[in-house]
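J.: Chains as they are written, first to last, in the numbering used here: chain A, 282 to 595; chain B, 3 to 221.
Bear in mind the hints are in silico, worked out from the structure with no lab data behind them.
Keep in mind it's a predicted model, so treat the numbers as computed, not measured.
Any given hint might turn out to be false.
Said to hold, decoys possible - Okay, derived cross-link-like pairs now, SDA-like style, lysine to any residue, Cα gap no bigger than 25 Å in a straight line:
#1 B:K48 x A:V419
#2 B:K73 x A:N590
#3 B:K55 x A:R489
#4 B:K48 x A:D490
#5 B:K55 x A:A486
#6 B:K73 x A:G593
#7 B:K55 x A:E397
#8 B:K73 x A:A506
Residue-level listing of the chains:
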Amino acid sequence: MPAQASMPDDSTQARPEKLRETPLLAAGSIAGRALVIVVAIMTFLASMTAGTVELVASASSSWRSDIARESTIQIRPRPGRDMERDVARAAELARATAGVQTLKIYTRSESERLLEPWLGTGLDIGELPVPRLIELRVAGTPDFTILRRQLAADVPSATLDDHRQWIQRLGAMAGAMVIAGLIIMMLVLIATALAIAFATRGAMAGNRDIIEVLNLVGASDGFIAREFQRHFLRLGLKGGALGGGGAMLAFWMAGFFASRWNATPGGDQLEALFGTFALGFRGYLAVIVIAIIVAITTAVVSRVTVYRNLRGLD
Amino acid sequence: MVRFENVSLRYGLGAEILRDLSFEIKPSSFQFLSGPSGSGKTTLLKMMLATLKPTRGLVHLFGQDVGRMDKDSVTLLRRKVGIVLQDFRLLDHLTTYENVALPLRVQGQSEDRYRPEVIELLRWVGLGDRLHVPPSILSGGEKQRAAIARALIVRPELLLADEPTGNVDPVLAKRLVRLFMELNKLGTAIVMATHDWALMDQIPERRLILTEGRMRIEG
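Okay, chain A solo, but in the shape it has when bound (with noise of 0.2 Å):
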């Protein structure tokens, strides 16, 4: 067609070099700032829920480790019956036991100690009834079930606590963090969803006569849809990036902290309750996936949302 010129060419030199192309969508129009802040405000809450959740996991499985190796055999005195005995019996059965590694007897001036924290040390418990404890370091998960019944039979005053109760309602508790933290994670991510939402509606609004034009050129709604993705997905990225390693940073720090601030009285009771305070690698994974889940929730919800909005605009 250029070949039939009959317009005048009033140029002097053309560039014919590589051009770069600029985005389709004026990137004035839309609020990019702001919406990179709420991406990484967004990411920065699902990802200190996430850690908090593996800190706690974590913590928990060691608990429940600690207290799964250890067995204690209560031995209550009963009249007529010789309390020196039934701790020796009770210890030379538990002993025979497959799965017993040690056992530590508690003498009696070591149980009344035990005592002491409760009824103080002016007191002269002497008289008093005090049950003899055995302490059994265990290896895996033994079977007492014949422990169990000799002690029945041998030492009728005898309990053995094999600490199954708690380890149960520690895992109960462990997964109650762990459901609750996935679902402040959903609740963030639909507000996330929601947010990109509304930003990307205005951002058509924003870009109307473009959309126009595109589509009078020829434009089809998946390259329009593609347009605003590539445009969404630059903002959830670095908003991800944002939030996620603000994440990173504030554990780093929690954990920094935590090391120096480590036997001081507030020191322990955050060690008690989240170990060593350290994320660890599983938890650092967590956030950088969750960072990225962000980032394609955002570039996925502006592109449904556009094509809805161009089925609608049709």
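Go by the hints and put chain B onto chain A.
T.: Same frame as chain A, now just chain B:
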């Protein structure tokens, strides 16, 4: 190529803007679309681009009934039709080069492939030294030529031009009409909306004249 059968159009519950239009536009034909301001010329052009659907009657574009076309078919149809709008509709945040390349870009063509063609066309319409400037600093005539170049870059089978001479001086207007006639000789069907009777009197081509929503055909 384009066939209207007893076509009427109204917006909402208002009066009919176009009434019982029946006409045909054949491949490689040239016609003026004329009539006073507000007679429905732009509306008719929009119907030829499947932007508006008739409230009564049948519109066939490239053998397809517009009323039954889905979105994808409309998109494909628009790739065969070039349109020059009265207000140009150039995108201000893109350069002149990018505006003209837009129809090829939305079809997914790579810039390496279309770059020489776009630059050649821009030189042809006299905008070879305005490649990198945004439309906001182009003169009215330059904008007009950029809009025409954008419509021509896909080598359309049908070119719809809405008042393309409305914003230019008589000399440039004549040159633009000559340009359209040359394109027509190369096989593009042209529908040029204008109410410049003096211009039409110089060119003995078919005239579709709209008056109060009805059409009269001359020539």
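J.: Now look at each hint and say whether the structure bears it out.
T.: Hint check:
With a C-alpha separation of about 85 Å, the suggested pairing of B:K48 with A:V419 is violated against the 25 Å cut-off. Only pairs whose Cα atoms come within 25 Å are accepted, and B:K73 paired with A:N590 is accepted, the gap being roughly 13 Å. Simply put, B:K55 and A:R489 have alpha-carbon atoms about 21 Å apart, close enough for the 25 Å limit, and the pair holds. About 16 Å separates the Cα atoms of B:K48 and A:D490, which keeps this hinted pair within 25 Å; it holds.
Our distance criterion of 25 Å between C-alpha atoms is met by B:K55 and A:A486, whose separation comes to about 23 Å. The straight-line distance between the Cα atoms of B:K73 and A:G593 is roughly 12 Å, inside the 25 Å bound, and the hint therefore holds. This hinted pair does not check out: B:K55 and A:E397 have alpha carbons roughly 92 Å apart, beyond 25 Å. Of the pairs offered as hints, the one joining B:K73 and A:A506 holds, with about 14 Å between alpha carbons and a cut-off of 25 Å not exceeded.
Hints 1 and 7 from the earlier list are contradicted by this structure; the remaining hints agree with it.
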